[in-house]
Each structure stands twice: as C-alpha cells, then as structure tokens.
Amino acid sequence: MSDVTLGMPQLPAPDYPAEVRARLEADAREVIARYPDSRSALLPLLHLVQSEEGHVTRTGVRFCAEVLDLTTAEVTAVVTFYTMYRRKPSGDYQVGVCTNTLCAVMGGDAIFEELQRHLEVGNGETTEDGKVTLEHIECNAACDFAPVVMVNWEFFDNQTVDSAKRLVDDLRAGRTVEPTRGAPLCTYKETARILAGFPDPRPGAVEAGGAAGPASLVGLRLAKGESAPGRVVSPRSSGAPSDEPPASHPSSHDAPQRTSASDPQHPSGPVTEEGE
Amino acid sequence: MTVTTELNEHSPEKLLAPVLSAFWDQPNAWTLRTYLRHEGYDGMRKALAMAPDDVIALVKDAGLRGRGGAGFPTGMKWQFIPQGDGKPHYLVVNADESEPGTCKDIPLLYANPHSLIEGMVIACHAIRSEHAFIYLRGEVVPVLRRLHEAVREAYEAGYLGTAERRSQKLGMAGLPGLDITVHAGAGAYICGEETALLDSLEGRRGQPRLRPPFPAVAGLYACPTVVNNVESIASVPAILNKGKEWFRSMGSEKSPGFTLYSLSGHVANPGQYEGPLGITLRQLLDMSGGMRPGHRLKFWTPGGSSTPLLTEEHLDVPLDYEGVGAAGSMLGTKALQCFDETTCVVRAVTRWTEFYAHESCGKCTPCREGTYWLVQLLRDLEAGKGRMDDLDKLADIADNINGKSFCALGDGAASPIFSSLKYFREEYEQHITGGGCPFDPARSTVWADEPRSTHLGVNA
Numbered sequence: 011m012s013d014v015t016l017g018m019p020q021l022p023a024p025d026y027p028a029e030v031r032a033r034l035e036a037d038a039r040e041v042i043a044r045y046p047d048s049r050s051a052l053l054p055l056l057h058l059v060q061s062e063e064g065h066v067t068r069t070g071v072r073f074c075a076e077v078l079d080l081t082t083a084e085v086t087a088v089v090t091f092y093t094m095y096r097r098k099p100s101g102d103y104q105v106g107v108c109t110n111t112l113c114a115v116m117g118g119d120a121i122f123e124e125l126q127r128h129l130e131v132g133n134g135e136t137t138e139d140g141k142v143t144l145e146h147i148e149c150n151a152a153c154d155f156a157p158v159v160m161v162n163w164e165f166f167d168n169q170t171v172d173s174a175k176r177l178v179d180d181l182r183a184g185r186t187v188e189p190t191r192g193a194p195l196c197t198y199k200e201t202a203r204i205l206a207g208f209p210d211p212r213p214g215a216v217e218a219g220g221a222a223g224p225a226s227l228v229g230l231r232l233a234k235g236e237s238a239p240g241r242v243v244s245p246r247s248s249g250a251p252s253d254e255p256p257a258s259h260p261s262s263h264d265a266p267q268r269t270s271a272s273d274p275q276h277p278s279g280p281v282t283e284e285g286e
Numbered sequence: 015m016t017v018t019t020e021l022n023e024h025s026p027e028k029l030l031a032p033v034l035s036a037f038w039d040q041p042n043a044w045t046l047r048t049y050l051r052h053e054g055y056d057g058m059r060k061a062l063a064m065a066p067d068d069v070i071a072l073v074k075d076a077g078l079r080g081r082g083g084a085g086f087p088t089g090m091k092w093q094f095i096p097q098g099d100g101k102p103h104y105l106v107v108n109a110d111e112s113e114p115g116t117c118k119d120i121p122l123l124y125a126n127p128h129s130l131i132e133g134m135v136i137a138c139h140a141i142r143s144e145h146a147f148i149y150l151r152g153e154v155v156p157v158l159r160r161l162h163e164a165v166r167e168a169y170e171a172g173y174l175g176t177a178e179r180r181s182q183k184l185g186m187a188g189l190p191g192l193d194i195t196v197h198a199g200a201g202a203y204i205c206g207e208e209t210a211l212l213d214s215l216e217g218r219r220g221q222p223r224l225r226p227p228f229p230a231v232a233g234l235y236a237c238p239t240v241v242n243n244v245e246s247i248a249s250v251p252a253i254l255n256k257g258k259e260w261f262r263s264m265g266s267e268k269s270p271g272f273t274l275y276s277l278s279g280h281v282a283n284p285g286q287y288e289g290p291l292g293i294t295l296r297q298l299l300d301m302s303g304g305m306r307p308g309h310r311l312k313f314w315t316p317g318g319s320s321t322p323l324l325t326e327e328h329l330d331v332p333l334d335y336e337g338v339g340a341a342g343s344m345l346g347t348k349a350l351q352c353f354d355e356t357t358c359v360v361r362a363v364t365r366w367t368e369f370y371a372h373e374s375c376g377k378c379t380p381c382r383e384g385t386y387w388l389v390q391l392l393r394d395l396e397a398g399k400g401r402m403d404d405l406d407k408l409a410d411i412a413d414n415i416n417g418k419s420f421c422a423l424g425d426g427a428a429s430p431i432f433s434s435l436k437y438f439r440e441e442y443e444q445h446i447t448g449g450g451c452p453f454d455p456a457r458s459t460v461w462a463d464e465p466r467s468t469h470l471g472v473n474a
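Each protein sequence line maps, in turn, to chains A and B.
Residue 11 is where the first sequence starts when you use the working numbering, and the numbers rise one by one after that.
Residue 15 is where the second sequence starts when you use the working numbering, and the numbers rise one by one after that.
Incorrect hints may have been included.
[What the hints assert, rightly or not] A partial selection of chain A residues facing chain B, derived with a Cβ cut-off under 10 Å:
hint, residue
1, Y26
2, L56
3, L78
4, R97
5, P209
6, A225
[To be verified] Pairs of lysine-lysine residues, derived as DSS-like cross-links and limited to a Cα-Cα distance of at most 27 Å, are as follows:
hint, chain 1, residue 1, chain 2, residue 2
7, B, K418, B, K436
8, B, K28, A, K234
9, B, K256, B, K377
10, B, K60, B, K74
11, B, K407, B, K436
12, B, K258, B, K28
13, B, K258, A, K234
14, B, K256, A, K234
15, B, K418, B, K377
[As the list claims (entries may be wrong)] Just the calculated beta-carbon pair ranges, DEER-fashion:
hint, chain 1, residue 1, chain 2, residue 2, range
16, B, M186, A, E123, 43 to 51 Å
17, B, A84, A, P24, 31 to 39 Å
18, A, E135, B, G398, 26 to 34 Å
19, B, K101, A, R185, 52 to 60 Å
20, A, E123, B, G191, 51 to 59 Å
It is worth saying that the hints were derived from the structure and are not from the lab.
Even glycine gets a Cβ: it sits at the ideal position worked out from N, Cα and C.
Just chain B, with the same shape it has in the complex (with noise of 0.2 Å):
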C-alpha cells in the first residue's frame, strides 16, 4: 500500500474547514477555561473596543447570512434596530431548533456553549442591548444543563453583569450592564417561528404575528427586537477575530464563510461537517463513506423536511443558499437526510405531514385545515384506499395552503407533498394500483442488514 502526504483537492482535510467545531474533540470542551484555550472571548474583546456601528458593518460587510433557514443578513437584520429610540433593545436567540432533520444547534450548544455567549455579547454590544434571551426548546436537558453552566461562567467572568462589574473584570470603561436569561420552551414546533417565540416568551401561546411590524421595530414587549439562530451568532466571534477577509475566502461571493452541515439517515456515516458554504452532498458522501454499503441514494432534503426534496440527479448541486435555490428547494438549515431506496416516499411524506398538522397552531384556516386534509388522503393512499384524483386532491390542497397561510409552518407543509409529487408521482400512482404500499418497513431499519450471524470474520 502506498503512503501518500499529499492532500488532493477532494481530501477531507481540503473539503472541510471547522471552526465552531474546531475543538468538541476536546475534554470538557463546553467550559470556558477550554474556550479560552481556543481564543474564546478574544472577538469579544475586539468588538466591545470598536464603535458599535463599525461592528454592525463587519458582520454586514463580512457576508454572514442567517443559519436558521431564511439565509437573511445578519449585519442587515441589526442594523434595523432603531438608535436613539428610548426604548430597551433585545436580543433573542432562536435556539428552538426542532425542523425535522435538523441537528446543528444541539450539539453546537451541548459542545460549545460559550461560542453562543461570546457572541451575543458582541451582538447586543453592536445593538446596544442590555438583556439578551436563549429561547432553548424544553425537549433537550443536557443542554440546558450546560447553558446554565456557561451563563453562570460567562457571569463570574465579567463578561455579563453590571455596568461597573463588567467594567473592571473586563479593564475597558464605560461598558453597560448586559443580562442574558436562559428560558425553557415547552415543547412547540411553531416557536422556531420568530413572531410565534416572541409570543411564547412573553407567556403565551406561541402563535405567530402579523408583520409588519417587524420584530425588529416592534419585536419583544414591542420594543426593538434582533432574533437570531444559534449558529448564526455563535459564527460572529470568528469572524471579529479573524476578520472578513478570512470569512470571505470561504464559501462564495454570495454565501460566505463556513457552517454545520448534518449527515443523517441511510449513510455509513451520519454526523455533523463543518465546511464552507457550497460544498456538495457527492463531496460529503465521498469523504464520509457513502450511503449504507449496498444502497443508492432515492431523495434527500437538503435542509429539513421544509424544504422540497431532492433526489440523486441532484448530488452536484453547491449546497449554499443560491445553489440549491436555483436547484428547486431550498438550504434551509442544511440538514442534509438522505433516505435510500428501500424507503417509501409517501411513508416519510405522510410522516411530515403528520407532523406538521400536529404542530398547527390553529390560527389560520389554510394551515390548520389543510393540514388536516392532507394527513387524511395520505393515509388512504399507504392504506391502498386512494384514488387517482387524490394525488391532483393532494396538490391543490398543498396549493392552497403555500403562499396563503399566515406563517412559514404552512409553506413547509406543501414542501414535501410539491416536491414527492414532481419526482415520483410513479410512486404513488403504485400505492393506488396495487392497492397498498409496495415497501416492506424493516428493509429500510438500521439493522435491517445486519449479518444473521454473530461471525463478522474478522482477519486478526
């Protein structure tokens, strides 16, 4: 065999470039005194320095787009923030990640919490907030574990706290006081929408708003609001740190920088991958070792089950926010689940759809009823009780639910039924010709090839 050093441009090494996961290899990489280790805080220390107009315009001039989904500017998102205004401003961090697929942010904050903090500390410095908010969903107690752990560190460290405290721990005058409250969800798939969390964080059902206005005028007790993902803000001290210039040289010209991409599904194997931005599924599976031995990729989402399918003629596809545009769907939060082709695709789009009526928050006719509709004909049709006309029924429901329900828990609902329907309609037209689904479930389980025998042959 042939020892080879030479790194060629398809090597691992080349492809990937962690940062936010640089070091969640090390012991007790959640604390702060190993976030410190790997210059933790110094973005801090950089920005609490500058004016915080020169610190909107980096992050603006740097290029960093939304990790949550929608892809939005992040510099834009805080320049919006009126100043002057007499009102308090807040900033409240979307940690309520519950996409079907999605698995960035929870290992993000179980690993590397203090990423977070560090981040919105600059955050809230760039638009002069006093009180910042975790919005963590409730379903995920590990983690919580370690945000309190890292807010209570962040507190003993100055970085939080009162005026005068944070003044002297951190040897810079005049810095205003800055509180951050971590706050349980309660288990609700809607508050991942910015309005709906704003709601639930004021104690109430978590039901989306009417915008404008927007958050960013009149956001957490109407006042000036900046909601951010916790990638999106945990990505900001790096870029203080190491400057735009660096971020920019990775990704492209109109998605930049690095991020969480997260394997999942039938692959040999699923975890998460920090690259640039544009990296492709045929790069990801070729370094990580491809789908299960034995088994050719059918769709894919390429960030969560909100955004259309995608199927094997999509591997090349750059997975950055115009790519995969221009490829139909969208990047979503790059939760990359990739299914092979023993599983059933209107099993898994029945299974969303499920979801997504149970997760309705009622408030509008579209949604709640549409939903409803959808689940019913679904269900009929893997029973082997639909008829042709079902599969338009589908489409012209799914119509009337995207672009007209209040909030983009509605849009996502069509997702999958649009994308199914354009990519294996075959498939359902079977369910209704042979009277059934032609899948058998336990093929597509993880164990489902698994040797018979305890012998694995192993040459020792």
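If we strip away everything but chain A, and leave its shape as in the complex, we get (with noise of 0.2 Å):
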C-alpha cells in the first residue's frame, strides 16, 4: 500500500535453481499427462510448486507459466481465486478451525477464540517459532464429527477448547500427533504434494485412521439392531450369530441398560443432573 514505486515495474521473478527446475519439470510432465489438455494441470501445478516453497511464490508463479505456456498475469488470477494457495510464507503446519455456522455454534467460535488467544496470534498469522498457522475455515463436510479442526488437511473430529489447545501444544513442541481420521501428520509441503496427485508415499498412510469414524457407522449399526455410540445393543440382535465384530468391549451386552433402543423417548438409566 505504502510503497510506491514510481512508475518502476517489477523485476521479472528469478527462476529456481536449475537443479530443483529439473526436477519439478519432471513432476510437471506427469501431471500434465493426466489431462488432455496441458493447462487442466495449472491447479495441481500450484500445488506442486507449493510444495517445494511452502507458499506460490512468483518464482512458483513464474514457472507455471513457463511449462504451461500462459502468462505470469494468467496464473496469478488463478492463484488469488482459490484460498488454498498461500501468497505469504506460513507454519509447518495449518490449524484451521471450522467456524461456519453448525461447527461455530457447538463450540467452533470458543475454540477460534481461545486459539489465537493461546498461541497470540490473529487469523491467518503464524506463530514466531513458525510452527502453526491458525486460520478459521469453512466447512469440511465433517458436520457429524462437529466442532472440526482440520491440520494441515487431517481430520480432528469432536474437538474442545482444552483438546485443541493441546494440540497447538504438540505440534508446537514436535510431538507425534494423530488425527482421528487420516494419517500421521505431515508437512504442510509434504501435503502439497499429494495435492499435486502424487500418492503419499508413507508406508500405512492409506490404512490410517481405519474405515470410517464413529459417526459415520452410527446408522449402520442401528440398522443391524446394534447400539448407538453410548447406548446400549437391543436385544433384536440376539438370533443369528453374527460374524461382525461386537460394538464395544466382549462384555456390553449385559451392560446396564440405560435407555431402552425401542423407546428413545422414554430414558431409563441415570439421569445425571437429577441423580446428583
């Protein structure tokens, strides 16, 4: 804003060193071969040149250009349409914290809020130690494991403000950190490269994380007359044998019965503002 530059226009971006050039020439060839037509890969493009610097640099910019024979002008309005492509260096890893309005409401906007007061920064800042960037996001199509986090594109489903505070803390002080869904971490570069379309490498990256998280299979198992999370197994199931494994510990189907399935409307159990 405050700069002027009189009239001086900007100097073109040098290009990479010409080792790095070569070597994300070849990874553009193959990501150009994906697509009939050569510009179909300027996305994954700017994915792949973010993951060598960590943000689209005009160095980035400029060699996207060059392989896909557009302008530096042409690459550039596609990099400021789309918010995944950072113009700015930025963390290791990416907090964003989902506060659209079903997340926000179940406790999306405390978590923000007690995050940038955590870590003092505001949206969109990194830390000084240049580990986290906090940003909130919108949704993640992950409205059933509300409120989300998602860190560097990972799933952490059913978050608290305590929970997230920890794991700013971890990732700050290097400790392995899970997901509930997905694989161990990795670099915010590392991640760019799989949204690039190559595969994560990572031996086990793909089995991570298992089949599906609670919340997904909660419809399912009602289906097969099995419990809900936290509730306890009808006892309709009792004929067949069943050849799936059992909901919960050996032993949840003599578990104190405490809201009957067939009358959800009616709890029987403990009731605990009541009980206490």
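Build the complex: two chains, separate frames, hints provided.
Below, the structure written as structure tokens:
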C-alpha cells in the first residue's frame, strides 16, 4: 500500500536453481500428461510449487506460466481465486478451525477465540517459531463430527477448547500428533505434494485412521440392530450369530440398560442432573 | 425387561436400508478386496455386457435422481449426450462437497471409494466416454489418499486402462480404453456449481458459465460432458446389480431409491443414516435418540444451508424431492443440521451469509454486492445496532439476489434470509428492541450441558 514504485515495473521473478527446476519439470510433465489439455494441470502445478516452497512465490508463478505456456498474469489470476494457495510464508502446520454456522455454534467459535489468545496470533498469522499458522475455515464436510479442526487438511474431530490447545502445544513441541481420521501428520509441503496428485509414499498412510469414523457408522449399527454410540444394544440382534465384531468390549451385551433403543423418548437409566 | 424379537415398523432395522454404507464397519472397507467380497464390480460386469443405450434406459427407468441437490434424473442427463458426434465425451464427478452441513460424499469416499469407481466405469460405458475425472475438493487429504489408492487398484485389476488391457483382464472383447484422473481442487465453494467446476478443471478461476449451451453439449473442453454428484454415480452399481424393481421398491414413485441422510447439530447421535427416500426427520430422531437431552428442536435445514430453514412443525415432512418441495424448501443434499432452542437464528443466518459473501465468485453484481450488504445489516442486528426497517431491507436485498444472480449460489444465499424472516421475525425484532443478541453462545456448545462434577454415578 505505502510503497510507491514511481512507475518502475517489478523485475521478473528469479527462476528456480537448475537442479530444482529440472526436478519440478519432470514432475510437471507427469501432471500434464494426466489431462487432454495442458492448462488443466494448473491447479495441481500450483499445489506442486507450494510443496517446494510452502507457499506460491513469484518464482512458482513464473514456473507454472513457463511450463504451461501462459502469462504470469493468467497464473496469478488463478492463484488469487483459490483459498488453498498461500501467498506468504506460513507455518509447517496449518491449523484450521471450522467456524461455519454448525461448528461455530457447537463450539468452533470458542475454540478459535481461545486458540488466538493461546497462540497470540490472529486469523491467518503464524506463531513466532514458524510452526503453526492459525486460520478459520469454512465447512469441511464433517458436520457429524462437530466441532472440527483440520491440521494440514487431516481431520481432528469432536474437538473441545482444551483438546485444541493441547493439539497446538503438541505441534509446537514437536510431539507426535494423530488425527482422528487420516494419516499421521506430515508437513504442509508434503501435504501439498499429495494434492498435486502424487500419492503419499509413506507405508501405512492409506490405512491409517480406520475405515470410517464412529459417526459415519451410527446408522449402519442401528440398521443392524446394534447400539448407537453411548447407547445399549437392543435385544433384537440376539437371533442369528453374527460374524461382525462386537460393538464395544466383549461384555457390552450385559451392560446396564440405560436407554432402551426401542423407546428413545423415555430414558430409563440414571439422569445425571437429577441423580446428583 | 421383556425381550422382544419382533421388529415393529418403526424399528431402525425396518426404516433404514444401508446399501452404500453396508460394509463401512468392515476392516479395510476401502480396499478392492473388501469391495469384491460385497458384490463389488458385479454391476460393472453386467453393464459392460449390455448395449450402452440399454444401460441408460435402465438407470432412467430405475428413477435415480441426482443426489447433489438439484434432483435431476441421472439417466436423462446421460441421454442428453449426443452420440456419433465425433467428439470425445467426458464424465466429471463432482466431489467438491462444500455446501455447509453436507457431509455424505466425504465419508462415502473415505470408506467405500470403489463404489464410485465402479459407477464411473458403468457411466462411461453408457455415455461412450474414455476419460473421466473426479474433482475432489482439496481440503480432504485422507480421502484423496484413498482415491489415489482405489484408482491404482482399479488400473491393476484392468477395470481401467488401455483397450487391450481391459479387454484381456475382463475377458470381454472390444472394450475401449478408460482413464480416470483424480483432480484436487484448491478451496472454492463455487466450484461445486457444475459449470464453475468445469472452468476450474480447465485451469481457470472457478466462475460459472452462461447456459445454454449446457455441459451435455459443450462441457469440458467444449465437448459433451456429464457432471454427476458422487452419491448419484456410486448408487448406479447397485441398480445394475439388483435391478430397477429392487431400487423402486424403496422410496416413492417420483423419488425412488435409497440415500444417505446426514444428521448433525444438537442431536444425541449425529451421523450418517442410509435409508429409503421419504423417511421423516421425526423417524430419524426417534430411532437415533432424539435431540440432546433436555432440549427441543428449534430449526433445521433439510439439505444444507442453501435450502430454506424448516422448524418443528415440519418434523413429519417426507424427506424426498416432492415432500420437502411442498413444505417450501428443497431436499438438497439431505444435510439435516438440527439446532435447538439455545441457538440464535440471527447468529446462524449471519454466519451463513458471511460464508456466501466470502465464496461469491464476483462474476455477477446481485450476488457479489447483495451478499456484502446482507452481511453488514446482519452484523448490525447481532450487535444491537439494527433498526426495524433493516428487516424489510434484508428481505428486499435477498429478493434482488434470488433468481437474479448468475448461478444458484445467489439463490442459496437468499434462502436462509427469507426462511428465517418467515419463521423467526420476532427473534430479529428482539435483537432490535432489546439492543442486541439475547442468547448466550456458551449454552449452545456441545459441552454446555456436561456435568461440572467428574462423578458420573455409574452403577457398576
């Protein structure tokens, strides 16, 4: 804003060092080959240059323009449209707190406020150690796991203020952090490479996190006559032996019946508020 | 306690019908091996043995309608593709699931990606396409990993690949080649709009295109293109495998079949519930434990934030395309976001409107300017700085967006404004007369009702 350039146009961005350029060109050829028209490779290539430098630099824009035979203006127009392309250096871990209506109401607003205070950064800012960039994000298609926090686009479901604070503390201290769904965290640059279309090379990354989160299974369990989470198996399923694994621990079948699944309107078990 | 083995008509076993979600609880559900154990790729084999037009006719007769929101008949979309035109045809799967509240395609692709791949192989056979794309929103890396893996497995098994390799591996002569490209987006809600998605897939800013021409005539690279939602395509293999009568045995005449309902918000058990179209929210709440204990339903969306809000009086509306339409809303994506009496409707609508303003692509004036001014007015109301005539102004601006903007994002932005003013005008007025928001946001959090004491009184 305050910099007046006095009509002097910005000089062209420097190119990547030859070794980097050669490596990225090989990757770019692979990406371009996936599409009938080379320009379709632009979004993946922007993810690719982001995997090199952590954000989309002017050098990255120049590279994309050159390999796709576009102008840097055309590439910049695309970069500025999409929120996943960062345009300034940012942290190794991007912590996104969902503050769209449902997550916000369920606690996302409280989590985001507290994390800003705890980390002493505002929206889109990075901690001094360069570890964590905090931002609020829009709905990430996990509303049945609200409130949701994403770190480098892996799911951290059912968060609380305390769990989110622990999470960022662990990230800053370099402790291992496991998402509720998804693979053990890699850095933002490594994530960007997967987004460019290069499969995660780490053994076990695809399997990590199991087949489905608990909320994804709640309807299926009910349809099979099993219990919903925190509730009790209805006696119906006692007919044919099932080869499915038990809902929880082996003796859950004779756990105290707190709420009959057949009559959810009338809880029969202890009600904490009144019982205390 | 009496133990009963009979199932009454209100039991979840009778009301739900897991098809796509039927084996999500199996270990390694996402792998080809597990999928094959559950009749995986049987539908594909049947389809490939049929004439393409017969596949289109079957899907049309089954009555499958688009699951991405609009409910357009899937078979008809396929039929619109001109044949013998000498151009390449493309199938593009819309996996840009970003509509607030919507959370069905992401768990589906995470647990069962092969249902989509199989559906795509069938759809490509039907529309004579040799290259298909999955446009996945970028913000879901765990799902991207599994799609990469599923596509790799499908190539290895010969479902995808060159003509020779597919014909040889599948033991069927004369199959054309087929490629699937997995494409990660970069964070833009508007790319869920099908023509914006096509622009984005062509490497441009994701802005909607003028229609006509429709994608069926001039879509990706100006070639005939089918754009379908993930769940629509993933539902196709079961139709091929079990037949149109089976599919039509669920749901209603005009809205047949099964679908994923996503329950979220202040409910006891949020999650995915797969059942026949036409189930009601009351049935879903009854079987799943209702609202969180001690609270009442205040308002809900039938299919994401772009579908007009409904209230307690709509609990018995059949959740199919016609039923929800008759109640003044839209089935949308079946994202049932439920809010209880602790939630301020003005706060909820303000946040959604901020979302639409942020995501407006800027191409057309009514949406770009209208959403901006809606946000200004709503923020004033929440802060107690509103005036009574602001409410009419809100309705007026929403009316100038609705139906007058370039694409459906604008209509979606107007929906929460109109419907909240219709059902909760008094609450808006309270914000003005009372000098601000009367609600305590702390009471609506998921942990608001947690007991202070750690002693839970478990009867061990």
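Going down the list of hints, with the structure as the test:
1. Y26: A/Y26 check fails; min Cβ-Cβ to chain B is 21 Å, beyond 10 Å.
2. L56: holds, 7 Å
3. L78: holds, 7 Å
4. R97: violated, 13 Å
5. P209: holds, 4 Å
6. A225: holds, 4 Å
7. B/K418 with B/K436: Holds, because 21 Å separates the two Cα atoms, which is no more than 27 Å.
8. B/K28 with A/K234: Given pair B/K28, A/K234 holds - Cα atoms ~10 Å apart, limit 27 Å.
9. B/K256 with B/K377: Outside the cut-off at roughly 45 Å; violated.
10. B/K60 with B/K74: holds, 16 Å
11. B/K407 with B/K436: With a Cα-Cα distance of about 14 Å, the restraint between B/K407 and B/K436 holds, given a limit of 27 Å.
12. B/K258 with B/K28: It holds: about 20 Å lies between the C-alpha atoms, which stays within 27 Å.
13. B/K258 with A/K234: Distance of about 24 Å is within 27 Å: holds.
14. B/K256 with A/K234: holds, 20 Å
15. B/K418 with B/K377: holds, 13 Å
16. B/M186 with A/E123: 43 to 51 Å: Because 60 Å falls outside the window, the suggested range is violated.
17. B/A84 with A/P24: 31 to 39 Å: Taking Cβ atoms as reference, B/A84 and A/P24 lie about 48 Å apart, which means the hint is violated.
18. A/E135 with B/G398: 26 to 34 Å: holds, 29 Å
19. B/K101 with A/R185: 52 to 60 Å: holds, 55 Å
20. A/E123 with B/G191: 51 to 59 Å: holds, 54 Å
In this structure, the hints that do not hold are numbers 1, 4, 9, 16, 17, in rising order.
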